[in-house]
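Anchor point for the sequence shown: position 40 equals 40 in UniProt numbering, and the numbering is continuous, going up by one each time.
Careful: at least some of the hints might be erroneous.
Simulated DEER-style distance windows between Cβ atoms [unchecked claim]: (1) Pro59 with Thr15: 13 to 21 Å; (2) Pro59 with Leu14: 26 to 34 Å; (3) Arg26 with Gln57: 19 to 27 Å; (4) Trp16 with Pro59: 33 to 41 Å; (5) Ala43 with Ala19: 12 to 20 Å; (6) Gly51 with Gly10: 16 to 24 Å; (7) Ala19 with Pro59: 12 to 20 Å; (8) Pro59 with Asp39: 27 to 35 Å; (9) Arg26 with Leu56: 18 to 26 Å; (10) Thr38 with Pro59: 26 to 34 Å.
Subject to a maximum C-alpha distance of 20 Å in a straight line, what follows is the list of computed SDA-like cross-link-like pairs (lysine to any residue) [to be verified]: (11) Lys55 with Thr30; (12) Lys55 with Thr36; (13) Lys55 with Gly32; (14) Lys55 with Val12; (15) Lys55 with Arg34; (16) Lys55 with Glu33; (17) Lys55 with Leu21.
Please keep in mind that the hints were generated in silico from the structure rather than gathered at the bench. Cβ coordinates follow ideal geometry from the N, Cα and C atoms, glycine included.
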Amino acid sequence: MRCTVPQPGGTVPLTWARANLGPLVRWTHTTGERTTITDRHGATAVLISAGELAKLQGPQAAACGEPTHCPEPGHRRQTR
1 MRCTVPQPGG
11 TVPLTWARAN
21 LGPLVRWTHT
31 TGERTTITDR
41 HGATAVLISA
51 GELAKLQGPQ
61 AAACGEPTHC
71 PEPGHRRQTR
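Construct the entire structure; sequences and hints are all you get.
As structure tokens, this is what we get:
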């Protein structure tokens, strides 16, 4: 199945994203473009590639080592 995003790098309704999740994820991975997912209340989530997430987490991820050991709320602290 080929993904045709209604507005590439733009906004898609939640119902459309749910029905096309696999192709939408592959499209995001391939193009690196963000897609905002909306419901009747407005924007609810943004789909980004793993590469973009790594760039956004850059210094924090390097300082934490692994997300499960990150000192952020809800994450376990690394013990040495």
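So, going through the hints one by one against the coordinates:
{"no.": "1", "hint": "Pro59 with Thr15: 13 to 21 Å", "in the structure": "violated (37 Å)"}
{"no.": "2", "hint": "Pro59 with Leu14: 26 to 34 Å", "in the structure": "holds (33 Å)"}
{"no.": "3", "hint": "Arg26 with Gln57: 19 to 27 Å", "in the structure": "holds (22 Å)"}
{"no.": "4", "hint": "Trp16 with Pro59: 33 to 41 Å", "in the structure": "holds (35 Å)"}
{"no.": "5", "hint": "Ala43 with Ala19: 12 to 20 Å", "in the structure": "holds (19 Å)"}
{"no.": "6", "hint": "Gly51 with Gly10: 16 to 24 Å", "in the structure": "holds (20 Å)"}
{"no.": "7", "hint": "Ala19 with Pro59: 12 to 20 Å", "in the structure": "violated (37 Å)"}
{"no.": "8", "hint": "Pro59 with Asp39: 27 to 35 Å", "in the structure": "holds (33 Å)"}
{"no.": "9", "hint": "Arg26 with Leu56: 18 to 26 Å", "in the structure": "holds (21 Å)"}
{"no.": "10", "hint": "Thr38 with Pro59: 26 to 34 Å", "in the structure": "holds (31 Å)"}
{"no.": "11", "hint": "Lys55 with Thr30", "in the structure": "holds (16 Å)"}
{"no.": "12", "hint": "Lys55 with Thr36", "in the structure": "holds (19 Å)"}
{"no.": "13", "hint": "Lys55 with Gly32", "in the structure": "holds (12 Å)"}
{"no.": "14", "hint": "Lys55 with Val12", "in the structure": "violated (24 Å)"}
{"no.": "15", "hint": "Lys55 with Arg34", "in the structure": "holds (14 Å)"}
{"no.": "16", "hint": "Lys55 with Glu33", "in the structure": "holds (14 Å)"}
{"no.": "17", "hint": "Lys55 with Leu21", "in the structure": "violated (23 Å)"}
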